[in-house]
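Mapped onto our numbering, the consecutive letters of the sequence shown carry residue numbers 3 to 73.
Some hints could be false.
Claimed, not checked - Only pairs whose alpha carbons sit at most 27 Å apart, straight line, appear in this in silico DSSO-like list of lysine-lysine:
1. Lys30 to Lys59
2. Lys59 to Lys72
3. Lys61 to Lys30
4. Lys61 to Lys17
5. Lys59 to Lys17
6. Lys61 to Lys20
7. Lys30 to Lys17
8. Lys20 to Lys30
9. Lys52 to Lys20
10. Lys52 to Lys17
11. Lys59 to Lys20
12. Lys61 to Lys72
13. Lys30 to Lys72
14. Lys30 to Lys52
Note that these hints are calculated values from the structure, not bench results.
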Amino acid sequence: MTDQQRENTASNTAKYLKFVRYSEIQEKYLAQLYNIAPDYAQSVYGLLPKPAFVFYKVKERVVDAHLWYKE
3 MTDQQRENTA
13 SNTAKYLKFV
23 RYSEIQEKYL
33 AQLYNIAPDY
43 AQSVYGLLPK
53 PAFVFYKVKE
63 RVVDAHLWYK
73 E
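Given these sequences and hints, build the entire structure.
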């Protein structure tokens, strides 16, 4: 991806993630993104208007994110 494509992807993701009403869902989604690419998750987080959580909480959730919903 080019730099512009990365910016567009993060912007489009944040544009719709901001409509999620529960910060726990946002955190979990960003933890999944962090497992894909840490800079991608950080970029999306940075574009969220006034997130109700700090980014280190996302990093804490990353440890077991790959196990969620595997039952």
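* Hint consistency between Lys61 and Lys20 [alpha-carbon to alpha-carbon, up to 27 Å] -> 19 Å, holds
* Quick one, are Lys52 and Lys20 close enough, alpha carbons at most 27 Å? -> 9 Å, holds
* Asked: Is the hinted pair Lys30 and Lys52 satisfied, with a Cα-Cα distance of at most 27 Å?
  -> With Cα atoms ~17 Å apart, Lys30 and Lys52 stay inside 27 Å; holds.
* **Hinted pair Lys30 and Lys17, Cα distance within 27 Å** => 17 Å, holds
* Asked: Keeping to a limit of 27 Å between CA atoms, is the pair of Lys30 and Lys72 held or broken?
  -> 15 Å, holds
* **Pair hint outcome, Lys20 versus Lys30 [Cα-Cα no greater than 27 Å]** => 14 Å, holds
* Asked: Taking only the CA atoms, is the gap from Lys59 to Lys72 under or equal to 27 Å?
  -> Holds, because 22 Å separates the two Cα atoms, which is no more than 27 Å.
* Asked: Is the straight-line distance between the alpha-carbon of Lys30 and that of Lys59 27 Å or less?
  -> Holds - the C-alpha atoms of Lys59 and Lys30 are around 9 Å apart, at most 27 Å.
* Take the C-alpha atoms of Lys61 and Lys30, compute the straight-line distance between them, and say whether it is at most 27 Å. => Measuring from Cα to Cα gives roughly 10 Å; hence the hint holds.
* Asked: Are Lys61 and Lys17 close enough, with their CA atoms no more than 27 Å apart?
  -> With Cα atoms ~21 Å apart, Lys61 and Lys17 stay inside 27 Å; holds.
* Holds or violated: Lys59 to Lys17, with C-alpha atoms at most 27 Å apart -> 21 Å, holds
* Compare the distance between the alpha carbons of Lys59 and Lys20 with 27 Å, and conclude whether the hinted pair is satisfied. => Between Lys59 and Lys20 the Cα gap is close to 17 Å, so the pair holds against 27 Å.
Hint compliance for this structure: every hint is met.
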